[in-house]
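Full structure from sequences and hints, please.
Start counting the sequence shown at 5; every next residue gets the next number (my numbering).
These aren't lab readings, by the way, just hints derived from the structure by calculation.
Glycine included, each C-beta is placed from N, C-alpha and C at the ideal position.
Possibly wrong hints are sitting among the right ones.
Listed next, with one range per pair, are the computed distances between beta-carbon atoms [stated by the list, open to error]:
| id | residue 1 | residue 2 | range |
| --- | --- | --- | --- |
| 1 | S29 | G140 | 18 to 28 Å |
| 2 | D113 | E36 | 14 to 24 Å |
| 3 | G182 | A139 | 16 to 26 Å |
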Amino acid sequence: MRIAVVDDVAPEREKLKNRIAVQLSRLHLDGEIFAFESGEDFLTAAKNQRFTCVFLDIYMEGADGVEVAKALRAFDRACLLVFTTASAGHALEGFQVRAMHYLVKPYTDDELTALFDEIAQRLPDPGKYVAIRVAGGIDRIYLRDILYAEHFQHQIHIHKSDGKTIVTRQTFREFCAGLDDQCFFLCNRGMVINMEYADDFDGKVFLLKNGEKIPVSRGISKEARIAFGEFLFKKSSGWEGKIHD
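Quick look at the structure:
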């Protein structure tokens with residue numbers, strides 16, 4: 005899971021990061037914590053790669069927490085939103101942006117523990133995964149975390165949404181057989197993408213949300229356009245692919 009801490013006061017950011025790390029350890033949850041000193045910086049990052057949860061200070065220089073929350077909800081309605089504030093006097097605004105909780109400063113470790121118990125219950129099932137051979141054994145890679153994968157020099161390079169790349173020795177056919185999901189499209193003989201991370205298809209390449217361009221073989225350009233169009237239609241109609249089951 006990806007957690008954001010947004011606070012324009014550096015000591016407050018670091019203190020909350022440390023307290024969150026304790027909670028993740030207590031619950032045996034894998035997570036990364038990212039700190040931002042402004043709501044604007046957080047929104048820029050959230051548009052490139054979504055966060056599971058954000059701890060958002062209300063009173064900040066520049067855009068305040070409520071404004072940031074409204075901007076976040078314009079493109080992400082799933083992120084768990086927790087306001088950290090010196091006052092709980094923003095209940096109406098919190099309801100409007102679907103905030104799950106207020107942490108009123110100074111909050112206790114018991115309050116944070118209760119909150120993380122609730123967060124753990126709300127976390128989505130990571131869903132299906134592929135099991136791959138890596139040095140030291142077998143690793144699980146969840147389909148929802150795969151950005152794209154490519155085959156060259158007898159290896160599969162699996163590029164993940166967190167920026168990491170996992171390399172395994174496996175035939176491309178075997179690897180793709182495990183991607184029984186309507187979110188994936190085979191772009192050419194050695195490249196498959198997760199359309200969840202595609203912003204557009206221009207007839208030649210898929211433009212990913214991180215700015216990368218994935219070429220599509222000329223002979224399947226029409227097929228790619230149809231597949232991407234159907235994927236977007238189903239997504240806009242409220243369909244959730246198997247990747248999120």
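Quick rundown of the hints versus the structure:
1. S29 x G140: 18 to 28 Å: At 23 Å between Cβs, range holds.
2. D113 x E36: 14 to 24 Å: With Cβ atoms ~22 Å apart, the hint holds.
3. G182 x A139: 16 to 26 Å: 20 Å, holds
No hint from the list above goes unmet by this structure.
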